[in-house]
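S.K.: Following the hints, complete the assembly by docking chain B onto the known chain A.
Protein chains in written order, with the numbering used here: chain A, 1 to 355; chain B, 1 to 408.
None of the hints are false.
Not the full set, but computed from the structure, chain A residues with beta-carbon under 10 angstroms of chain B:
no.: 1; residue: Ala-54
no.: 2; residue: Phe-62
no.: 3; residue: Pro-83
no.: 4; residue: Tyr-153
no.: 5; residue: Leu-154
no.: 6; residue: Gly-173
no.: 7; residue: Gln-181
no.: 8; residue: Ala-185
no.: 9; residue: Thr-193
no.: 10; residue: Thr-234
no.: 11; residue: Asn-235
no.: 12; residue: Gly-292
no.: 13; residue: Thr-319
no.: 14; residue: Ser-320
no.: 15; residue: Phe-355
Taking CB as the label site, the calculated pair distances span:
no.: 16; chain 1: A; residue 1: Thr-38; chain 2: B; residue 2: Gly-108; range: 46 to 54 angstroms
no.: 17; chain 1: A; residue 1: Thr-38; chain 2: B; residue 2: Ala-305; range: 43 to 51 angstroms
no.: 18; chain 1: B; residue 1: Gly-340; chain 2: A; residue 2: Pro-190; range: 21 to 29 angstroms
no.: 19; chain 1: B; residue 1: Ala-280; chain 2: A; residue 2: Thr-199; range: 30 to 38 angstroms
no.: 20; chain 1: A; residue 1: Gly-149; chain 2: B; residue 2: Thr-311; range: 26 to 34 angstroms
no.: 21; chain 1: B; residue 1: Ala-280; chain 2: A; residue 2: Ser-219; range: 56 to 64 angstroms
no.: 22; chain 1: A; residue 1: Leu-86; chain 2: B; residue 2: Gly-342; range: 54 to 62 angstroms
no.: 23; chain 1: A; residue 1: Ser-117; chain 2: B; residue 2: Ser-266; range: 29 to 37 angstroms
no.: 24; chain 1: B; residue 1: Ala-213; chain 2: A; residue 2: Val-198; range: 51 to 59 angstroms
If you're looking for bench data, these hints aren't it; they were derived computationally from the structure. Glycine included, every Cβ here is placed at the ideal spot set by N, Cα and C.
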Amino acid sequence: MVMLRFNRSVIESHRLITGIILTAALLFQVVPLSHAATALGDRYDLVADSRASATTVHQIGFTFRNTAVPVGSILLEFCSNDPLVLTACTAPNGFNIAASTLAAQTGETGFLIAPGSPNNAVVLSRPAAAPTVGPSTYQFDNVINPSDGGTYYLRISTYTSIDATGVHIEEGGVALTNNDQLVIASEVPPHLTFCAGVTINNFDCNTASSFILNLGEFSTRQTKADSSQMIVTTNAAGGYSISVSGTTLTSGNNVINAPVTPTASATNKSQFGINLTSNGNPVVGSNTSGSGSGSAASGYNGNNLFKFIDGDKVASSATSSEWNKFTVSYIANIDSNQAPGSYATTLSYICLGNF
Amino acid sequence: MNFIKRLQRPTSLAAAALLLVAAAAPLFVPNQAFAYGLPTERQVKISSSTAGATGVSYEVSFKAATTSVLQGLVIEICDNSPIIGDTCTTPAGFSWGAASNPQPSFNGTAQTGWTGAVSAGKFTLTNAAGATSVAAGQLVSFTITTATNPSTSNTTFYGRMLSFATSAAATGYTATTPGSSIDAGGTALSTADQITIQAKVQERLTFCIYTSAASASCTGNTTTNPVVLGDANGVLSSTSPSISKTAKYNITTNASLGATIRAKGSTLTSGSFTIDPAGAGSATGAQYAAGSEQFGLCTYRETGAGAGTSTGLAPTTQYDGENGGTSTATSCSGSTAGQGAGFSNNGFYAFDTTTANSNFTSTYGVPIATKTAGDFSTGILTFLGGVSNTTEPGIYTSTLTFIATGVY
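So here's chain A without its partners, still in its complex pose (with noise of 0.2 angstroms):
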């Protein structure tokens, strides 16, 4: 009786002994395996486009630092957690690697995309073979960042196996962020400046002066001369058109004609004309000043020749354009049958954006 129970304890304590170096055999596989590894170097995972739920490119990269055991896979593993290898990964919200595409390789190369991987890791896979020192790179294509904003990490383990089993080699973790894209909105109206008067300094508006001409008595031996200014500039598309608006030099029901056709200037003959040009003869004017792209209307730009129709177009832009200096000139000539009396016209110049 004393020598079955003693069998028994014998029996028992055997099973402990086995219980006992089969935890301890478990526990050597979970815990001190990942103190064996040595860390990556030079760890990085540049994102191409940090936004939540953005399809981007992860460029991974990494220095191997041991060299004398050959790597047959890598195990990229993307966990909201941590990035401490061999802990529990809690896989991102929304991420997915799994259908994304191996892009480019560098350093250690003849990698190729294991398949059967969770959404959130990846297992490259080659031949095993000894890694050399020096900078590796792995681009992903089509990789599906986490829902959620903030940090997520990724974790880097070696293995000499090509499908990521066994004992690990190195390791190394990464942390990443989402961020918020940063949008700066501004806005650009539509504008057009334009202003007339007899003088305008440069290109300013506010030093227009005068808006009236005083051509004196007319002659019949001598043309009457003189000149108004007017600047423009617009972001119309389209450019602008600049019109002219009014009636010949009236008095009361007589009035001096104005050509319909340019016309050069002639002593006694009843004419009233303008141009946006240099003249000789007479001397006035100047030709079309500043940097834009308008010009003087044909009819309006020869060289001494005038003429007037009210509603004509006298100058233009086909596109938008910065500023422009246009100096009109005015002649006016009578005949000897002029009727006495003064003579005035308003002239309305209007200038059109096409936007």
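M.R.: Only chain B this time, still in chain A's reference frame:
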């Protein structure tokens, strides 16, 4: 009957004599246990308690109980008992190493002329010519630096320390025949398992973009998009610079090689129309020029109230809003938010779209700042906008992505 009585009397006397002799015997039998003084403050200080550790220093010290000239000192390590006179078993694995000549110290004064000898767990120091007297209460010490600890961990072992007036007495010492020591006493020691403390510091990177007030973290910050660049209505001017300084970022990391902040996106765009990047998209950027299309940015470290205090944030050259860390008359950090003459402070603003593989439109964008490992730093993003007279009308937007990448 008388005979019997006669016989009984001597017997009684003999018995009485025997009792007397027996009672007095202890007075005449030498007893080693009481032949020496018991030193105080006895200790053997060891430099390592690790089982089997080698090169361990054993510093033996005690305060003398008896005033005497000393010519011999003994320390013996035992596995079983510290009692003087008991048998001594040397602990498994223990060794004093090669014999050496550590010189003792008497009352703080270094001595000379002492010679060491090793025998199993016993280390004997003698100086036959020694004439230095140690008074009661004075400290005696010596250190042996070549010991190997017992090989069993978490196990008590003992030291017996003795002093002798003659070197011969010290040399003649054995555990069970300790001889006539001046002082003698025991002490206990122990080997112990080493405790390994393991902790992990995980890779860390926290980065956020925001438009709320400057803060020293990424908690609670908010972003109001879009960030308006222009006058009160967001209208850009062809005659004055428009400046925005509401966008900020905070970053902290423990990356050993630091982190790089990259920016990526397009210039202000309205349909097919764009506002030219500052400096025509070159790497050098440009100062504000009235009447020119310009969109660019600079960045600098915020040092105002509430901002992150770490100084490890360094803008890259072309986006450096402080020209290397110092605000000057032409620093964009000195710009004024809003729209008006001089608001740009003649600083340089850039929006590089031309440098190969490192510009706002390349895959990973362009580095605008770096951050060394450390606590939160706060950066200000300052944007410049300007238009020409021919800039096409429209609502212009620029969507920018800022990416922080740590290298661990």
